[in-house]
Structure formats: C-alpha cells, structure tokens
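**Student:** Sequence:
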Amino acid sequence: MLTNMRRAFVKHIALLLCALVSLPSPAMAERVKDIASVAGVRGNQLIGYGLVVGLDGTGDQTSQAPFTIQSIRNMLAKFGVPIPPNVNPQLKNVAAVTVIADLPAFSKPGQTIDVTVSSIGNAQSLRGGTLLMTPLRGVDGEVYAMAQGSMVVSGFGVSGKDGSRIAVNVPSAGRIPNGASVEREVPSNFATSPYVMLNLNTPDFTTAARLVDGINNLLGAGTAEAVDAVTIRVTAPVNPGQRISYLSTLEAIEVEPGEASARVIINSRTGTVVIGSHVRVTPAAVAHGSLSVTITERTDVSQPNPFSQGETVAVSRSNISVDQPAARMFVFSAGVNLDEIVRAVNQVGAAPGDLVAILEALKQAGALRAELIVI
Numbered sequence: 068m069l070t071n072m073r074r075a076f077v078k079h080i081a082l083l084l085c086a087l088v089s090l091p092s093p094a095m096a097e098r099v100k101d102i103a104s105v106a107g108v109r110g111n112q113l114i115g116y117g118l119v120v121g122l123d124g125t126g127d128q129t130s131q132a133p134f135t136i137q138s139i140r141n142m143l144a145k146f147g148v149p150i151p152p153n154v155n156p157q158l159k160n161v162a163a164v165t166v167i168a169d170l171p172a173f174s175k176p177g178q179t180i181d182v183t184v185s186s187i188g189n190a191q192s193l194r195g196g197t198l199l200m201t202p203l204r205g206v207d208g209e210v211y212a213m214a215q216g217s218m219v220v221s222g223f224g225v226s227g228k229d230g231s232r233i234a235v236n237v238p239s240a241g242r243i244p245n246g247a248s249v250e251r252e253v254p255s256n257f258a259t260s261p262y263v264m265l266n267l268n269t270p271d272f273t274t275a276a277r278l279v280d281g282i283n284n285l286l287g288a289g290t291a292e293a294v295d296a297v298t299i300r301v302t303a304p305v306n307p308g309q310r311i312s313y314l315s316t317l318e319a320i321e322v323e324p325g326e327a328s329a330r331v332i333i334n335s336r337t338g339t340v341v342i343g344s345h346v347r348v349t350p351a352a353v354a355h356g357s358l359s360v361t362i363t364e365r366t367d368v369s370q371p372n373p374f375s376q377g378e379t380v381a382v383s384r385s386n387i388s389v390d391q392p393a394a395r396m397f398v399f400s401a402g403v404n405l406d407e408i409v410r411a412v413n414q415v416g417a418a419p420g421d422l423v424a425i426l427e428a429l430k431q432a433g434a435l436r437a438e439l440i441v442i
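If you count the sequence shown from 1, position 208 lands on 275 in the numbering used here, and the numbers rise without skipping.
No lab work stands behind these hints: they were computed from the structure.
A hint or two may mislead.
[Unchecked claim] For each label pair, taking beta carbons as the anchor points, the in silico distance ranges come out as: (1) G433 - G208: 50 to 60 Å; (2) E427 - I311: 49 to 59 Å; (3) L285 - M95: 38 to 48 Å; (4) V210 - N334: 36 to 46 Å; (5) Y116 - N245: 18 to 28 Å; (6) V294 - G205: 46 to 56 Å; (7) L143 - P307: 45 to 55 Å; (8) G287 - P307: 14 to 24 Å; (9) A432 - R98: 37 to 47 Å; (10) T339 - A319: 31 to 41 Å; (11) K175 - V148: 33 to 43 Å.
All C-beta atoms, glycine included, are put in the ideal place defined by N, C-alpha and C.
Produce the complete structure using the sequences and hints provided.
**Tutor:** What follows is the structure, given as structure tokens:
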C-alpha cells in the first residue's frame, strides 16, 4: 500500500515538472520604477557665489580679478572691518568661486547635501582651501541651503619659474561631501492632487498602452488612463500614508516595454556606428572601394659638364602614383537582418568610415528601412 502511494506521488511530481518545463519563458519585463518616474518628484539645482580662503598662494591674482577684492571688502565690512578705498590689498590665498548643488526631492531642513566648488577667476589651485558660508539659491531666487566647509580637490598643479607647469586632473575645482545644510523645503503638490502622473523615460505609445493595461489588471478597470505617449494618469488615494503604499505597489508592477524603432546611430566624431535590431534592407547591390593618391617630391642637382659655361642648379621632380584596390560587390537580399548586414560589411573589410558611407548611400537609395541619425 505504501509503495503504491510513493509511486503515485513520484508520478504526480514528474507530471508537475513536465508541466513547468513546458510553460513558455517569461518575457523581458521591467518594473515601472525602471521605465517611468512620478511627475513632480524631482531634484532642483542650486547655485551660489562664495569665497575660498586658506590657499597656499594659489588664489586669484587680484589685479586681474577685481571682483575678488570687492567680495573681500563687502565681507569684512559686515564684520566691522572696513578697508579704506585707497587701499588695494594683494591677496594670494583667496579665490572667488561658484558653488552648485542638487537638492533631492522631499529634502527637509537640517539634511545635508554635497556641493561642487569651481573657481571663476584665475586661481591656480583650490587645494587646501576652505569655503566660507555661501547661500545657495534656486531658480526662484530663494535660499534653500547654506554651504561651508573644507574642500576635497583631486587634482594638483606644479609650476616652475621658467613658466613650465604640470597639472593632474583639474585643481581649480573640488567637492565638499555633505557641505551644505538644507534650510528650506521645496513646495510640492504631491499629496494634494487626486491623480498621480507617471512619465515614461522613453516616449512610446506601445509601452504606455501596456502600462495602462498592467495597472488596470491589478487595481481595477479605469484606474489608469494614457494621456499621451509619455504620461499615464493614475487615480490615487488622497491620504498621504495610503498614497505612499499605493505608489510602492505601482512601482513594482512589471511591464514589457515596446520595442524600439529601427534606427542607425552614427557618431561623426568617433566613427562609432550602432545599428538597431529591427533595421532591414531591401534588395540592393553595394560596391565600395578606396582611391589612394600618393605624391612624392624630391630635389635633384643638375651639374654642367666640366669646362662648360653652365650653372649648377636644383631641379624639383615630382612622382605621382595612384592605387585603387579592387572593390568587391555584395548584394543585400530583401529583409536582411542586423547579423547579415554586419557579416556582409565585414567580408569586404570595411572600416567604420566606410560603413558610414555605405549606410548613407543605402538611405539615399531608399534601401535602408531605418532612421539614420548622426550625432
């Protein structure tokens, strides 16, 4: 009796494994978090003007950077140390700088963010300097953070009296980790709108339609609606706590993105060519060869016969040679794919520049079924 039960159990497990093996493999789905972002949830750029002090004689040359002296005068005047107008201090350990930072979404007062400091004058290096208190403003002119602290500069420069100089990386810029303290929260309507807008990172109608179907299948019909190829409007709860959990559920939904359109991307500066998987070519014959012309110049001396009245002169001689290797022709059949295109081009030994010429000619002939983009 027990043996029969074991046999039945083993048979059941075997049938179950066979059923699992026969299931189709899942598609290459991606999470909503990876292909879309929530509208309004973004960072903001901050900028400020400040002074870096404590440099080892590598600061601004004040004769060529008068704004540095003006900043020093204004700062000392606030501390009750006015500088007479007829006095022009020559400071070598001060540099005028711009300070920039990215303020993440939902940053609260008291949190810290990293800042990047860059010289705007003629300072040779900011290594060893300290940034004085600098207000960082947003595009609306309001102060959202205050920056101050010792800088970390990865580059350095060494110069000699004869004018020679060696520099590694860029010594005129540096960073201050956690160098700014947030002072103001950016206003946001995240919790007040009855909808949540999801913006696709790459506009695509197919992806937008599939995302709407995925959300409606999970949360009910009519929950999501596509506004255009980028934005999907999703009904969301008004309660902030429920909205956070709701968005967490939305971000975990897996959607199969639409396939990219057929494109050929050419980088004209580096010669890089990227061909999409959906690129097709209609029947066409291609022959590509190169013509090489070499011109050699040399100077010969014309010597007259002995006891003659001739003069010794220099005679220029030119030698021109033309080399045109035989060009092999290859034929593209109807609807060839990416692998066949690359194989055909490699057979004739075409360089990246030759490949660009071939693709451009195919596009002009109407045989390339793809968008040709030059960057």
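**Student:** Looking back at the numbered hints, which does the structure fail to meet, lowest number first?
**Tutor:** Numbers 3, 6, in rising order.
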